[in-house]
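Colleague: Single-letter residue listing:
Protein chains: 2
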Amino acid sequence: MFRTKNCGELRLNHKGEEVTLAGWVQRVRNIGHLVFIDLRDRYGITQLSFDQNSNKELCESATKLGREYVIQVKGNVRERSAKNANIPTGEIEIDVHNFVILNESETPPFTIENNTDGSEELRLKYRYLDIRRPHLKDTLITRAKMIKAMREYLDEQGFIEIETPNLIKSTPEGARDFLVPSRLQHGSFYALPQSPQILKQLLMVAGMDRYYQVVKCYRDEDFRGDRQPEFTQLDCEMSFVEQEDIFQNFEGMTKHVFKQAKGIELADFPRITFADAMKYYGSDKPDLRFDCKIVELNAVLPKTDFAVFNNAIENGGLVAGINAKKCANYTRKQLDEITEFVKATHRGLGGIVNIRFAEDGTVKSSIDKFFNEEQLREIGQQFNAEKGDLILIAADKISKVRKSLGDLRLDLAKKENWFDKDAWSVLWVIDFPLFEKDEETGDIIFVHHPFCSPHPEDLQYFDSDPTRVRAQTYDLVMNGNEILSGSIRIHQKDLQDRVFAKLGLTPEEVDAKFGFMLNAFRYGAPPHGGCAFGLDRWVMLMTGGETIRDAMAFPKASSGKDLMMDAPAVVDVKQLVELGIKTI
Amino acid sequence: MFRTKNCGELRLNHKGEEVTLAGWVQRVRNIGHLVFIDLRDRYGITQLSFDQNSNKELCESATKLGREYVIQVKGNVRERSAKNANIPTGEIEIDVHNFVILNESETPPFTIENNTDGSEELRLKYRYLDIRRPHLKDTLITRAKMIKAMREYLDEQGFIEIETPNLIKSTPEGARDFLVPSRLQHGSFYALPQSPQILKQLLMVAGMDRYYQVVKCYRDEDFRGDRQPEFTQLDCEMSFVEQEDIFQNFEGMTKHVFKQAKGIELADFPRITFADAMKYYGSDKPDLRFDCKIVELNAVLPKTDFAVFNNAIENGGLVAGINAKKCANYTRKQLDEITEFVKATHRGLGGIVNIRFAEDGTVKSSIDKFFNEEQLREIGQQFNAEKGDLILIAADKISKVRKSLGDLRLDLAKKENWFDKDAWSVLWVIDFPLFEKDEETGDIIFVHHPFCSPHPEDLQYFDSDPTRVRAQTYDLVMNGNEILSGSIRIHQKDLQDRVFAKLGLTPEEVDAKFGFMLNAFRYGAPPHGGCAFGLDRWVMLMTGGETIRDAMAFPKASSGKDLMMDAPAVVDVKQLVELGIKTI
Chain S
25 MFRTKNCGEL RLNHKGEEVT LAGWVQRVRN IGHLVFIDLR DRYGITQLSF DQNSNKELCE
85 SATKLGREYV IQVKGNVRER SAKNANIPTG EIEIDVHNFV ILNESETPPF TIENNTDGSE
145 ELRLKYRYLD IRRPHLKDTL ITRAKMIKAM REYLDEQGFI EIETPNLIKS TPEGARDFLV
205 PSRLQHGSFY ALPQSPQILK QLLMVAGMDR YYQVVKCYRD EDFRGDRQPE FTQLDCEMSF
265 VEQEDIFQNF EGMTKHVFKQ AKGIELADFP RITFADAMKY YGSDKPDLRF DCKIVELNAV
325 LPKTDFAVFN NAIENGGLVA GINAKKCANY TRKQLDEITE FVKATHRGLG GIVNIRFAED
385 GTVKSSIDKF FNEEQLREIG QQFNAEKGDL ILIAADKISK VRKSLGDLRL DLAKKENWFD
445 KDAWSVLWVI DFPLFEKDEE TGDIIFVHHP FCSPHPEDLQ YFDSDPTRVR AQTYDLVMNG
505 NEILSGSIRI HQKDLQDRVF AKLGLTPEEV DAKFGFMLNA FRYGAPPHGG CAFGLDRWVM
565 LMTGGETIRD AMAFPKASSG KDLMMDAPAV VDVKQLVELG IKTI
Chain D
25 MFRTKNCGEL RLNHKGEEVT LAGWVQRVRN IGHLVFIDLR DRYGITQLSF DQNSNKELCE
85 SATKLGREYV IQVKGNVRER SAKNANIPTG EIEIDVHNFV ILNESETPPF TIENNTDGSE
145 ELRLKYRYLD IRRPHLKDTL ITRAKMIKAM REYLDEQGFI EIETPNLIKS TPEGARDFLV
205 PSRLQHGSFY ALPQSPQILK QLLMVAGMDR YYQVVKCYRD EDFRGDRQPE FTQLDCEMSF
265 VEQEDIFQNF EGMTKHVFKQ AKGIELADFP RITFADAMKY YGSDKPDLRF DCKIVELNAV
325 LPKTDFAVFN NAIENGGLVA GINAKKCANY TRKQLDEITE FVKATHRGLG GIVNIRFAED
385 GTVKSSIDKF FNEEQLREIG QQFNAEKGDL ILIAADKISK VRKSLGDLRL DLAKKENWFD
445 KDAWSVLWVI DFPLFEKDEE TGDIIFVHHP FCSPHPEDLQ YFDSDPTRVR AQTYDLVMNG
505 NEILSGSIRI HQKDLQDRVF AKLGLTPEEV DAKFGFMLNA FRYGAPPHGG CAFGLDRWVM
565 LMTGGETIRD AMAFPKASSG KDLMMDAPAV VDVKQLVELG IKTI
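If you're matching them up, the sequences are chains S and D in order. Converting from the first sequence to the numbering used here requires adding 24 to each position, the first position being numbered 1. Converting from the second sequence to the numbering used here requires adding 24 to each position, the first position being numbered 1.
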C-alpha cells in the first residue's frame, strides 16, 4: 500500500504517530513561512503542514504542487493550533517530513467542489473529475449502501438473487427495444431487455419461489423528461403470495433501507386506491407531504347562470377546486400566472376561477357577477376556507380538471413551502384499472402490463365493461414519484389468453411474442406476484438529486450520448459486414 | 400467503400442528388403501398422506393428480410409520384434510429429477422445468450464496459497488464487440462492454479508491469450447496498491467464499511464476492437485546417436518428460493412444518416447536401440522413477513439448485418478510477460491487455527486448482453470503511450479508441490495480458442473441461441428502418 492511513481517519488520539498518506491536492495555502495543503481522498481531507523555518527546500517544493496532483506524504500527526470543527480530521494536521509526486495534473476544467463552476455538459464529459466532488462521490456511496440494505433484507427473507440474460428476444412490452444484430445468424437480432418481467415469471414457474435482481434495463425511448436509455431496477418476484404479502415484505424492505442508509424511521405506509388518488390529488402518484385535497363541487353548487360550471356539469364533466392556504393576497400577476399554468397545452383548461377570502374578512371572486357573497362563502365552506385563503376552481372534462388541479397543488406547494424539505411521503397506490381506452384510437390498452391479474370480483365486467375491471396492481409512491410498480400476475394460461385477446392481439401474434411464456404456463405455474423498484429515482430522492443522472456514475446526456466516451460512434464497415447489416 | 410452512421445514417437533403447504406434485404412490404424494417446493419435499378408509372421496381425487400439478393442502403433521432418513422431513408426513388444485400441468417433456431423461437441448428449451431439478436449483442457490459472500467480504474491506454503463463505445480489447445501433444518431453504434476495464480505471481516476461490481460482460466470439456471449465477472479495482495488496485481499476473499458457500477452509495459496508454470506444468494454469512435474533433460542427456533428441537440442528445442506413476504396465494400445494424443494437430509432436520401469525391476524403452540400460536408469533418476513407473519423453520446439506434456499430465491424472475429487488446488500465477510475438505475423502483441504495468526493473528491455519485459500481471488458478486475471495498471500517460506505440497503434488510432482514457490520465491518475473473476466458471467448479452453462439460469446453447425464447430472431422491418439499418 502507498499509505498507512487514509485522509479521513486521523484524530487527536493519533497524535505523535508517523503516518503515510496518499491523495489529491485539494488546495495549497501559503501563509508567511508556513504552507498548508489540503490532501483529499475518498475518505476525507487531512491538512498537511510545511514550515520554511524547519525545511526550506521541502516547503518550496510543496508550494509548487498544483491542484489535483497525486502525492504520497510521510509525517507525524500533530495537534492543530487553529482547529477546524467542520471536518472530522479538523483537530490534527500532518507535520510533513517528505513527499513524493505520484502523478501530476493539468489544471482541471472546473473546480472540484460541490459548488463547482462547471456546466453539466462539461462535467459529464469529465465525469471522472465530477465524481471527485464530494456530493457526487457521497451519492454513489449512498447508492451502494442502499442496495446493500436491500440485499440484506431480501436475503434474510429467503430471496435468491438470480441473473437473467441481457441478450433476449424482442418482445415489445410498450416501449421500443434496443436491438443487437446477430453475427452468427444474419438477419436475426437479440433485444436488450426492457425488464426481466417474463424471465422472472419463468423463474417462478421454475419453482425458485423468491427471486430478486439488481438489474440493468433498456428502453429506446425519446429523451423527453428524465429518462436514460439504460437504468437500474431492483426486480423482485414471489410465489404463493397475495397482494398483502407483497405489501408487508416491500414496505419492510423500504423501511430497512431508510433506516440503514439515512437513519430514518418511516411510519407505516398509507394505502390509497387509484380512484381516490385521482379524485383527491389529481394524480396516481400523489405527494402527501402536504394536504390540499381536491374538493368536488358538482353536487353542492348553487344554481346560477355561470355557463362554465353549468356546461361542465351538463356534459358529464367536473367542477372542483383546491384551497391555496394563505394565498388570498396574491397579486393580479400571480393569479395570471396560475391561469397560464392551467392553460398550458398538456393541461388544457380554458381558465380558472378564484375566490379570495381576504384577511380583512371580505370575499372577492372572479365570478362575483354570478355568485353572491353568501354563495361564495358556502362554496368556501366546502374547502374549510379561512381568512387569507385562496380558492381555485376549475370546470371542464374530469381528466383535465384533475390533472390541472393536481399539478397546481404541487406547484403551489413548492412555491409556498407547504412542506418540510426533510419530510417523507411514502404510500401505496392500489387497485389500478386493468385496462384503459386509448383516447385517440378508442382501443383497449393495458395500464401496467399485460401480465397483471384482474381482481377476481371484477372478472364479471371483463367483457361487458372492461375498463371497470380493477387489477391487482400497486405502486409505491415516494414524495410524488413512483418508485415501485408491481402486480399479482396471471398464472393461468386461459386467463392470459383472454387478456391478450382483449388487447387485440391475434393468436399468431401472441404465439410469436409470448409463446414460450404461455407454453411454460402449461406445466404447473404457481400463483405469483412481484414488483420492480426504479432504483435510480429512489437514490436520486434520497440524495437530493434533481435528475436520475445525479444518481448514476456514468449517465448519458439528454440526447442519449455518452459525452465522456463519445458514444454512440461510427464503427468500422468491416464490423457491420460481419453482422450482415448496413446503414441506410 | 398460500402456505403457513414450506415443504422443507417440518420436523418431528411440529407433530400435531395444522399446516398449509403449497407446491408441486413430485409423485403419487398408491399402496392399497393409502395414497402418498411427495409435495415439492424450493425448500424440500414433504410426504402427504391420504387414507381411503377415512376419506374416500379426497383420496380418490388425490390419485388423479398428475406430476407437476400445483396444489395447496391443509392437514396435520404426524409421525411417519416408515421414516425416510434420506430427507430432512423424512420423520413426518401430512395427514391431509383437504386440498385445492392451484394449477394443472401437462406431462413434462422430461423427468424432473437429477438423473433426468432429457437431452441438454430439450432441457435448455424448457429451462423453467430444468431448474426444478434439485441439482440445478441448488447450483443457482450456491451461486447466490457465493456472490453474497464476495460482497460481504468486499464491503467489509471498504469496497463500493458501482454500476458502469452497458451502452458504451466500441473499443476493441481483443475480442469482437456486440453492437447496438443508435436510433437517435443513425449510422452510429453503441457497443456492449467486453469488460468494464476502462470504466473501472476511470473510477480510480475519480478517486473512488476501492470499487467492485458483479457485472455482465459481452464478447461476440465463436462458440468454440465453453463460451457464452454474455457472462458474469466480479470486477474489482483498488487505488494506491501494489501487487501484494491485491494478493492479500483477493486471497482473503476467495477463502471467505469457500468457507461461506462450502464450509471449506483453504490453505494459503502458493505462488508460481508464469515461467515456472510453463516449465514445470506446460501450462499457465497448472492443476496442482497432483504433482507430476515436467523434467527438462537437455543438460543431463547422455550423448547418443538418437537424432530426435539431438536435433531438438541443436535447434534450440527441448527434451523433457513426465513420470506417469504406476503406468509401466500400460498396454501397447494404451501407449499408442498416448502417441495419438500428443500427435493431435494442436499439440503437433511427431511421437513420444517411453521408458517403462517394470514391477519386476526390468527397464524397457522405445529407445533401447540408442540408450543402454544404465543410461535409461540415469534418465529415470531425473524423474525419481520407481518400479512400476512409466517415463514419457518428448523432444521438439519448447512450446510444443510443454503444451503436449502439460496436456498429457492432465489427461493421465484424470484417467488414473491421481487426485482426490474433493481436493482443491488454488494458486497464483504471477509475472506474465507484458508482450509476446504473434507466431504468424511476428507482431508484438499484448498478453493480458494493453493497460498492464511492466515490472519497473524490466523497463530496461522495453525497446531492446520487449518480450523479456514481465508485467505486474497475475492469474488465480483453480483446479487448472483460470478464475481471476488482473494486473497493476499503467497510470502514467507517457508509459501508456509507449505501450500503445509498441503494439503498433498510431497516435490517431490511440486517440480514437482510448483518447478519453488517456485524457483522464492528465488529471492526477493514482497508482492502481485490480482484477476480475470469471464468476460462471468459479460457480461451475464449486457446484460440480461440466460447462459454464450448468452455472447459469438461462444460458445460450452452443450456437449462441436461446432455445427457450428462440432468440436471436427476425424483427419487424419497421424496427430496422427506425434504426437506420438494413440487413444485407
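Treat each hint with caution, since some may be false.
Identical chains share a label here; the pair holds if one copy fits it or two copies do between them.
[Stated by the list, open to error] Below, simulated DSS-like cross-link-like pairs (lysine-lysine); rule was C-alpha separation at most 27 angstroms, straight line:
{"hint": "1", "residue 1": "K279", "residue 2": "K172"}
{"hint": "2", "residue 1": "K317", "residue 2": "K172"}
{"hint": "3", "residue 1": "K411", "residue 2": "K393"}
{"hint": "4", "residue 1": "K526", "residue 2": "K598"}
{"hint": "5", "residue 1": "K461", "residue 2": "K80"}
{"hint": "6", "residue 1": "K517", "residue 2": "K88"}
{"hint": "7", "residue 1": "K29", "residue 2": "K39"}
{"hint": "8", "residue 1": "K598", "residue 2": "K537"}
{"hint": "9", "residue 1": "K327", "residue 2": "K438"}
{"hint": "10", "residue 1": "K29", "residue 2": "K279"}
{"hint": "11", "residue 1": "K367", "residue 2": "K309"}
{"hint": "12", "residue 1": "K537", "residue 2": "K240"}
{"hint": "13", "residue 1": "K98", "residue 2": "K517"}
{"hint": "14", "residue 1": "K411", "residue 2": "K388"}
{"hint": "15", "residue 1": "K98", "residue 2": "K286"}
{"hint": "16", "residue 1": "K598", "residue 2": "K283"}
{"hint": "17", "residue 1": "K461", "residue 2": "K598"}
{"hint": "18", "residue 1": "K107", "residue 2": "K526"}
{"hint": "19", "residue 1": "K240", "residue 2": "K598"}
{"hint": "20", "residue 1": "K286", "residue 2": "K309"}
{"hint": "21", "residue 1": "K107", "residue 2": "K240"}
{"hint": "22", "residue 1": "K367", "residue 2": "K393"}
{"hint": "23", "residue 1": "K606", "residue 2": "K107"}
{"hint": "24", "residue 1": "K439", "residue 2": "K461"}
{"hint": "25", "residue 1": "K107", "residue 2": "K517"}
{"hint": "26", "residue 1": "K172", "residue 2": "K161"}
Derived by calculation from the structure, the hints in this document are not laboratory data.
Colleague: Take the hints in turn and mark each one as holding or not.
Modeller: Each hint, compared with the structure:
Taking identical chains as interchangeable, the C-alpha atoms of K279 and K172 lie at most 27 angstroms apart whether they share a chain (14 angstroms) or sit on different chains (21 angstroms). In this assembly of identical chains, the alpha carbons of K317 and K172 never lie at most 27 angstroms apart, being 37 angstroms within a copy and 46 angstroms across copies at closest. Taking identical chains as interchangeable, the C-alpha atoms of K411 and K393 lie at most 27 angstroms apart only when both belong to the same chain, with a minimum of 22 angstroms there against 120 angstroms between chains. Within a single copy, K526 and K598 get their C-alpha atoms only as close as 46 angstroms, which misses the 27 angstroms cut-off; across copies the closest is 24 angstroms, which meets it.
Taking the shortest Cα distances, K461 and K80 never come within 27 angstroms of each other, neither inside one copy (80 angstroms) nor across copies (51 angstroms). For the homomeric pair K517 and K88, the shortest alpha-carbon distance between copies (21 angstroms) is at most 27 angstroms, but the shortest distance inside one copy (74 angstroms) is not. In the homo-oligomer, the alpha carbons of K29 and K39 lie at most 27 angstroms apart inside one protomer (13 angstroms), although the nearest pairing across protomers, at 58 angstroms, exceeds that limit. For a Cα distance limit of 27 angstroms, the shortest separation of K598 from K537 across copies, 16 angstroms, qualifies, whereas the shortest one inside one copy, 32 angstroms, does not.
Taking the shortest alpha-carbon separations for K327 and K438, neither the intra-copy value of 35 angstroms nor the inter-copy value of 96 angstroms comes in at or below 27 angstroms. Proximity of K29 to K279 under the C-alpha cut-off of 27 angstroms is restricted to the inter-copy arrangement: shortest distance 26 angstroms between copies versus 35 angstroms within a copy. In the homo-oligomer, the alpha carbons of K367 and K309 lie at most 27 angstroms apart inside one protomer (22 angstroms), although the nearest pairing across protomers, at 71 angstroms, exceeds that limit. In this assembly of identical chains, the alpha carbons of K537 and K240 lie at most 27 angstroms apart whether taken from the same copy (22 angstroms) or from different copies (25 angstroms).
In this assembly of identical chains, the alpha carbons of K98 and K517 lie at most 27 angstroms apart only when taken from different copies (26 angstroms versus 70 angstroms within one copy). For the homomeric pair K411 and K388, the shortest alpha-carbon distance inside one copy (12 angstroms) is at most 27 angstroms, but the shortest distance between copies (115 angstroms) is not. Taking the shortest Cα distances, K98 and K286 never come within 27 angstroms of each other, neither inside one copy (36 angstroms) nor across copies (43 angstroms). Taking the closest pair of Cα atoms, K598 and K283 never come within 27 angstroms of each other, the shortest separation being 53 angstroms inside a single copy and 48 angstroms across copies.
Taking the shortest alpha-carbon separations for K461 and K598, only the inter-copy value of 25 angstroms comes in at or below 27 angstroms, while the best intra-copy value is 48 angstroms. Neither within a single protomer nor between protomers do K107 and K526 lie at most 27 angstroms apart by alpha-carbon distance, with minima of 72 angstroms and 52 angstroms respectively. For a Cα distance limit of 27 angstroms, the shortest separation of K240 from K598 across copies, 26 angstroms, qualifies, whereas the shortest one inside one copy, 29 angstroms, does not. With identical chains, the CA atoms of K286 and K309 are at most 27 angstroms apart within one copy only, with a shortest distance of 23 angstroms there and 46 angstroms across copies.
For a Cα distance limit of 27 angstroms, the shortest separation of K107 from K240 qualifies neither inside one copy, at 46 angstroms, nor across copies, at 48 angstroms. In this homomeric assembly, K367 and K393 come within 27 angstroms of each other (Cα to Cα) only inside a single copy, at 23 angstroms, whereas the closest approach across copies is 105 angstroms. Proximity of K606 and K107 under a CA criterion of 27 angstroms is satisfied in neither setting, with 66 angstroms inside one chain copy and 67 angstroms between copies. For the identical chains of this complex, K439 and K461 are neighbours neither inside a copy (35 angstroms) nor across copies (69 angstroms), given an alpha-carbon limit of 27 angstroms.
Within a single copy, K107 and K517 get their C-alpha atoms no closer than 71 angstroms, and across copies no closer than 39 angstroms, so neither meets the 27 angstroms cut-off. Taking CA atoms no more than 27 angstroms apart as the test, K172 paired with K161 passes in both settings, with 17 angstroms inside one copy and 24 angstroms between copies.
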